[in-house]
Amino acid sequence: MYSYTKKTYTLYKEKSITMTVTTAQLEPSSVSNAPIQMEHPEFVNITGLHKVFGTRKGLYYALENIDLKIRKGEFVSLIGHSGCGKSTLLNLVAGLTQPSQGSVLVNNREVTSPGLDRAVVFQSHSLLPWLSVLDNVKVAIDSVYPHKPSKERKEMAMSFVEMVHLGAHALKKPSELSGGMKQRVGIARAFASNPQVLLLDEPFGALDALTRGSMQDELTNIWEKNQKTVMMITHDVDEAIFLSDRIVLMSNGPRAHIAKIVNVPIPRPRTRETLLEAPEYIELRKELLHYLVKTSIH
Amino acid sequence: MNALQEEALNTTHQESLPDPLQLAPETNSNNQLNLVRAEKKADLTKTKNPKNFDPAQNPERVKYLQERARSIILPIVAIFILGYLWETYSSQEGVVLPGPIKTFKESWYYIAHPFFDNGSNDKGLGWQLFSSLQRVGLGYGLASIIGILMGIIIGKSSIMFKALDPIFQVLRTIPPLAWLPLSLATFGEANPSAIFVIFITAVWPILINTAVGVMRIPSDYENVAQVYQLRGFRYFFLVLLPAASPYIFTGMRISIGMAWLAIVAAEMLTGGVGIGFFIWDSWNSSRMSDIIVSVIYVGLVGLILDRIVSYTAGFFGSKAET
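Read top to bottom, the protein sequences are chains D and Z. My numbering numbers the first residue of the first sequence as 89 and each following residue consecutively. My numbering numbers the first residue of the second sequence as 122 and each following residue consecutively.
If you're looking for bench data, these hints aren't it; they were derived computationally from the structure. Where hints are given, some of them may not hold.
To be verified - Here are the simulated lysine-lysine pairs, DSBU-like style, with alpha carbons at most 30 angstroms apart: (1) D/K145 - Z/K283; (2) Z/K283 - D/K261; (3) D/K145 - Z/K277; (4) D/K348 - D/K382.
If we strip away everything but chain Z, and leave its shape as in the complex, we get (with noise of 0.2 angstroms):
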């Protein structure tokens, strides 16, 4: 090979390469913002595997997709695990309980149909829930509404909380369902009793928490507000409520869990339609099938309801870090 021909294959190599900066020849902002989205590509948790994806290659991601499929299978095993064992209890002689599978055997008619309606209290377990859920809906939201009121108040005003703080620290430790014949005398139906029962079970976390937290507002933040004439609305919405939000969050995502907790026990004393109400009847009626059921459906539920409140929190919340 001569010169002339070598120098020819190196200027064809050369050309061959494109120049990554006459691609993108704008500002230094692009570059990094072309940098992000490269690292955002990269991330090993959110591409799908390539056609050509080698194993070998890529232990990272081999590892990232192992925890993956764990997360996924070993709950499930544990599931069939723990069901094989219920089956086998089950199944001994002059046991009460039904296994799994007769469970699903004699509850098949609710759980292929939770919508039914048929009247009265005669209704699918879907509309049993949603019945509960609506009483929870009110007595929660009342208490998200008094309890961040009250709790701003107590927490503003040494005078309040004084006066008003050792009440509460009583009140709070009487357990839901002894605050049910009072409220069935004052109320005299069962839907308003049920709801009181709601309230007063979750108004108190909301309530301490949201206290606590606008106690603990920063004073630096405080001494702000007070140079720049924040007063009303605007220290409300500007400084109150953002520094304060992470702790009535944390409070309402306790008080949901209390309250679910409480109207499936409140129902089961005052009854109608509500999934409380249908385990009572249930028993009486000696369904043990239609109890489990419900009873797995109240945990998922219980779950959901937890989920969005801590999903719905952390939307807001991540305004709230310094």
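Just chain D, with the same shape it has in the complex (with noise of 0.2 angstroms):
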């Protein structure tokens, strides 16, 4: 499934101590650009969600009526403003909260708790602090492979930290990096688990607009070539037309339900540069932030 080079390099130098890691630098296996519909179509389906909490003054009906269907490899955004449930709905999907009506079914599986065949994203890296670059993505691999020699799993988890670019860091803390560093780490951690479905909330949203760029590229690098189904939050309109296939927007909350799903039809592979030129990118920027703007508070 996975081939192995092996690379070996320097991790810091110091006096006479050098540390050497050998990495395998993993190649997947190419994805064909064949439709894979083996598996269920409707390979993340959402059914008739409703969510309601019961906070101190009674209760807050958070989602009313949500009906997805996400298709395998499909790379599917959210938009919407803020507080109108998208990041409910993702942990809905993630399974850190339990649906108060309606299922969410991944692979014709329900879901009814975190697993690591949803691998998720956080806003706030949430990199343990106490754990190496490479420590952290280790933690993943150590729960999808236990049983694999732990040289091994070091090795994978390097090829992770490789894939992003951040070999050179793979001993250093969190505390040690950037924003834009500490989210490609989560994003290595994320693709280690091996998952069937990838939920990001907000990955780049705290992260400065030129850093943004960059990482919306290296996503998608990474993505076209494993081409995971992708579920992602973002406020950035430009970033949901530029990653996405299809792009869900969301009414405000509470009660908050699918206003549109518009699709994105610019072919991939996508670069800023000719989407720039695809007309279908100036008419679908008009409508998403006609919509935001017509929904707006104010």
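Two chains, each in its own frame: build the complex with the hints.
See below:
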């Protein structure tokens, strides 16, 4: 499934102490462009989803009647104003909360609790600050492959760290990294658990515009190699158009529902240059911004 | 000087200056490493003054040395002033408390021979302190283990918290010595009773702080643990312990101080070998100077204990920083 090429490089060098790590360069099996419809075509199946929270002031109806079908290998973005329940929906798919009514099915299996098949990249990177970059990614690997020898697990973790181009920083603690680098480690960790669905909760929201751009490019590069099913929450309209196949627009909360689903017909692979020239881009952008402005609270 | 001579001078001048880049021709990281090393060397607090140290040239270094000198000299001056006041007070007529000079003279044997052993209770102050420390060690160790375990239990389980927290809130306000009669009735002997009193004193800060630390694990880490399936030992060592350790160590620091206070008082009542009993025995024999020496030793040992715990906490605590 995965082929390895070994690569040795130096992590740090001080006086006579040199630490080298031999890592396995992971080359994922080439995913064909043929549509994969072996599994259930609706890979993520959300039907009649309601979510109610009990608060001191009474019941809060966060989500009402959500119906969403995501195909395998599809990249779907969720857009909406703050407080419209996007994170709640993501948490429901991840299994971190339970629906009040309705169901979430992933690959025809109901989601009742979090699992490694639905990896999450959190908005605040959520790296464990007392572990190094390598160990943070290794956490995911250890959960998926507990029976493999420790050295092999370390190599696999290193390959994912290298996938996000942080090989030279593998031994650093999160406090020594910049925001973009921390988020990259979060992405590496999510990919390391080899999930079926990747859930991203505003992964680039806390980053500056320049870093955001390069992170989007990196995410597209990684994703296009293995085409995982992705559900991403974002505020950024351009980011949504650049990255996704479909964009889901949510109404404002409470009682949020799906207002509209738009297709992004721009062909892949996408680069920023081709994006800017695509006629659909301008139209899409107008449509999305128009919707957001229309539903804004003021 | 003609042009040729000038040129000759210029070239030799350039040759005499070594090219810094040539000395370290390697990568950027090496340059950075050298910068870090240079910074460390220039650290004002760690180097010794070179032989040709010119105070006028290094005002920061001088200021730093002045501050250091002050921290050492000023407490010594304060001690001397207080000692003088104490001596003046004790030289008055009818004052039972001996002054520092008299204390030193009378208790000289105890100060000079901390580890003599004439059997039974007649031992040097070193052995008395050691005996007390043993009891504290046992009681504190027990309190740490049970306190941390119970703290984790009531921090994690809402049911256990609701059931046990009211009971704990009442029990923890009971002064340690009030436990002594019950403890003596239960254990009969003095030694286990004293250890129990230490335990019951030290357990509450550790328990409560651990519980708070566990309850305050950021939900982000909990989510990570859930998604990436961290359970059992992995959850304990990767998430729970590192996240709660600052709180746990705070509890342990508070507890060691309280435990040391409690042992002196408990030993006064129970007897045997121990610094508390020694103080009480000296009081009964009217050996005031021995009491003063013992009390000073108690204070010093308490300070050392606190420093040990906080140093250990610092060693482990650096890991938990975000």
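These are the hints, each one checked on the structure:
Restraint check for D/K145 and Z/K283: the C-alpha separation of about 23 angstroms stays at or below 30 angstroms, so the hint holds. Pair hint Z/K283 plus D/K261 does not hold up; C-alpha atoms about 38 angstroms apart against a cutoff of 30 angstroms. Of the supplied pair hints, the one linking D/K145 and Z/K277 holds, its CA atoms being roughly 26 angstroms apart against a limit of 30 angstroms. Of the supplied pair hints, the one linking D/K348 and D/K382 holds, its CA atoms being roughly 13 angstroms apart against a limit of 30 angstroms.
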